[in-house]
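Undergrad: In the order they appear, the protein sequences are chains A and B.
When you read off a place in the first sequence, starting at 1, and then add 1162, the result is the number in this note's numbering.
When you read off a place in the second sequence, starting at 1, and then add 528, the result is the number in this note's numbering.
Read the hints as simulated data drawn from the structure, not as lab findings.
Given the structure is predicted, the values throughout are model-derived calculations rather than measurements.
There's no promise every hint is true.
[To be verified] Pairwise CB distance ranges, derived in the manner of DEER restraints: (1) A:Asp1628 / B:Ala620: 49 to 55 angstroms; (2) A:Glu1425 / B:Glu803: 41 to 47 angstroms; (3) B:Ile700 / A:Ser1464: 48 to 54 angstroms.
[To be verified] Pulled a few chain A residues facing chain B out of the computed Cβ check, cut under 8 angstroms: (4) Glu1194; (5) Leu1196; (6) Glu1291; (7) Leu1297; (8) Ile1312; (9) Gly1324; (10) Val1544.
Don't be surprised by glycine CBs; every beta carbon is placed ideally from N, CA and C.
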Amino acid sequence: MTDDREHYEAVVVGAGPGGAAAAATLANNDVETLVLERGTEAGSKNVSGGLIYAEESAPYTVDDLFPGFREAASERPVTENYIHALADDKVRTLDLGDIHHHDTEWADAVLRRRMDSWLAERVHEMTRETGGGLLTDVRVNGLLREDGHIVGVTCDELDPIGADMVVAADGVNSELARDAGMMDWEEPEEWFQGVKAVVQMTPEEVDERFDIDDDEGEAHLFSGDLFEGVRGGGFLYTNRDSLSIGTVFHLDSIAAQQAEPHELLDNLLTHPLLARWIDADYHEREYSAKLVPDSKKVAHPSPHKDRLVLVGDAAGQMQAQGPIIKGMNHAVTAGALAAEAFVEAKSRGKPGKAGSIYEKKLKNSGTMSKLRPTSYRATAPVSENGVVAGVTDALARSPLGSVGLTVADKLGLVEWGFNSPLVLKTLPDIRTAYATVPEVLAKATGEVITETSEVQPPDLAERIGDLTYDTDVGNPHIEVQDNSWEASGTAVTACPVSALDFGGGCYREETVKANGGEERVVSLDTQPCVECGTCAVVADTHWEHPHGGKGVEYREG
Amino acid sequence: MRSVVLTKGVPDFREGAVSFDEDGHLERGKTPTVMNPNDEFALKAALQTKVRHGGNVSVMSMGPPGYKEVLQEAMESVYADDLYLLSDREMAAADTWATGMTLATGIEKMEERPDVVFAGFKTADGETGHTGPQTDWCLDWPIVTHVISLDIDEEEGILRAKRLVEGEFDEIETVEAPLPCFVVTDPEFEPTYRKAAHRLTWKDLREETQDRAENFEDHLTVWNQEELNLDPDYIGLDGSPTIVSSVDPIPKAPSERDATMVTPDDEEGMAEVFEEIAPFTTGAAEAEGD
Ligand SMILES: Cc1cc2nc3c(=O)[nH]c(=O)nc-3n(C[C@H](O)[C@H](O)[C@H](O)COP(=O)(O)OP(=O)(O)OC[C@H]3O[C@@H](n4cnc5c(N)ncnc54)[C@H](O)[C@@H]3O)c2cc1C
Ligand code: SF4
């Protein structure tokens, strides 16, 4: 070790909910903690739906660690939750109240810039007391190794830093998890892609249109034929003075169907049902996108190596409980448990044991079984099998399926199913669950929607134009390794800021003359990139995050 | 480590702020005063010194009472501990020599001798680049000019700097000087903060300074001629040997070329444009000139 190398007891990479929870817990235990965040302010890189849940069964919730969180950093408490099954001009609305309140102490809508920057201020104050602190505009670009062992981090903006524990809370597309060989970005099946619009609305309009008080909020989820068979759904959450409206789809489905994510979002925004809440005055404050890991498939069973622990999205700890998405709460729990583990290990004089203690804590607290339910693991191989999936889908679509669903719905079984934690845990990731059942259900038992939409969402060029970027000119953070259409063409459609026949996005289709014929290739311009991570998975790229403070800056998130 | 930054107010020459009369003379009264742009680099160097080595930074200026705001701005940007304004009617209309004399006296009057004095390179109004070196001449300290990066070895009492020497080929010289030392920063000066600890200190200083900058007058010392005990013959207009022989207004650029306006919708016109520029686009054809 060189003499002048900086060293902190703990280095936390990323100031999202996972990093904030880890850092606060470490600081509460007097561990000298340095937090490094690449955004120009915490939250400026982050996107979520977002409903943050405080689960009764969780060992830590965000307001345990950050008193005053709900008053200062969240938007509205959300007490009502509905899912709307849509087909043609019909909707069947089911109350998700039971599952929403199941194991729930409270659930609040949040916008990430506001939430994360508030958390970061607290974290800086707390960690500064320990001799550390929180720095923004610093991108950690890899792990520092000595004799093959992880002993710290390397950064674009700072000299290498040693640590007794490195907490990778760097979110989805964690460069640290990849560097440690613990996560690859190969399989689209393992990810969702989330796309969101924050829509301007005065607090009074929110109250009036949803018929709620100013300290109440609602969640609405959407599924059915509006997404053209792409597996996934839509959401709408009420904020103080805006709405968060977005979609979350399985990335493999987006890729396979060459779906254009912004168009799917527009299908939702312009759906007649949404005319209940949004009208011709539609003003989009921000368009955003990010990948979301599917914990059922990628939650790392043993998220540690040497002195490194992975928490939150970096460890794949993002639970899709049927249509309900729980990532932030688990990131908080995992962050705090990792910190606890380090404190225990240190007190035993064996700080190196933190990782394995953390793994035990994830298991013993029941967190791991939420993330990787055994019931899903037992049924998935059969239910997701192509033949079985085909039969199930056909069955649901058949008159028999429709009658069955009608009867089941009358008996309240459908609503029960959507509200059953067990059913939701087992839910196979096939079309039937996401599109077919809601579609058949709406057709069979839905009511006719009478509203018409007057919403005109901005086009992609306007959406990109409205975003704030600090471009690192001449320093693209993504490089296409293989620009053939076969290897990387999917990115042209799957990238949320690119589209076929759109020249202003990141990925573009081009034809070049080669070997006497013409070849279809892709070209890339990272300027409009929103760093969602999609092309790291669906295209052949060398993918990194931009340098600290560079790239897109979300104001809402 | 104690440092002093010398700064100066200058007319705001930016488009929209600056005001000229009909003859093209600057209207001082109508043009706001701002901090001399090049002083930013001196401030950055002083801040880097404070962040890395701790201690105290003072900002000093000679000028009318209106410079207080400039000092406040400097305090905010360098997280200065205190401010000094050397201000007296007798000092007005000083040239760089008389200014240097006055500033050096101010520095010598400070309770504790500073280790480094920083000055920017050239002011936006005078453009001479003399004030720094002339102040230093009065102090009789070693001076390093055109500094683009800086490191101080406190134990050895040595300052190491890289300086940019412009010429046919730009050269970068590495020099060492004993403290106390006078440093003139180059506009290419870039502070570096590659240690987390330095950036954390920087954040602390920023927070600490907010209060101080709001009540900056509590941290401001104003010295007049008497307090500085300056010989009237050496300051102000009387102490200024510089004679400005004449000032030439900047001639307007000759506009001899004819411009033809073509709107993009005008197909014929655009075709002509393309024809005109075609020879330049191939790279092969030499521009034929006009
Ligand atoms: C559209 C959408 C909707 C969602 N809806 C919900 C929802 O309703 N409820 C819910 O609970 N979850 C939701 N999620 C998931 C949720 O956002 C994530 O699970 C959660 O943010 C994970 O938290 P984290 O702390 O692990 O990572 P993040 O919140 O992603 O934080 C990671 C931090 O690390 C920083 N960082 C990354 N790399 C580096 C680096 N190399 N160096 C320094 N800093 C770095 C980032 O800038 C960021 O601040 C949604 C996600 C999306 C995209
Ligand atoms: S270029 Fe890649 S990372 Fe950037 S927005 Fe498009 S898909 Fe996402």
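Undergrad: Determine which of the earlier numbered hints do not hold for this structure and return their numbers in increasing order.
TA: Going through the list in order, the structure violates hints 4, 6, 8, 9, 10 and respects the others.
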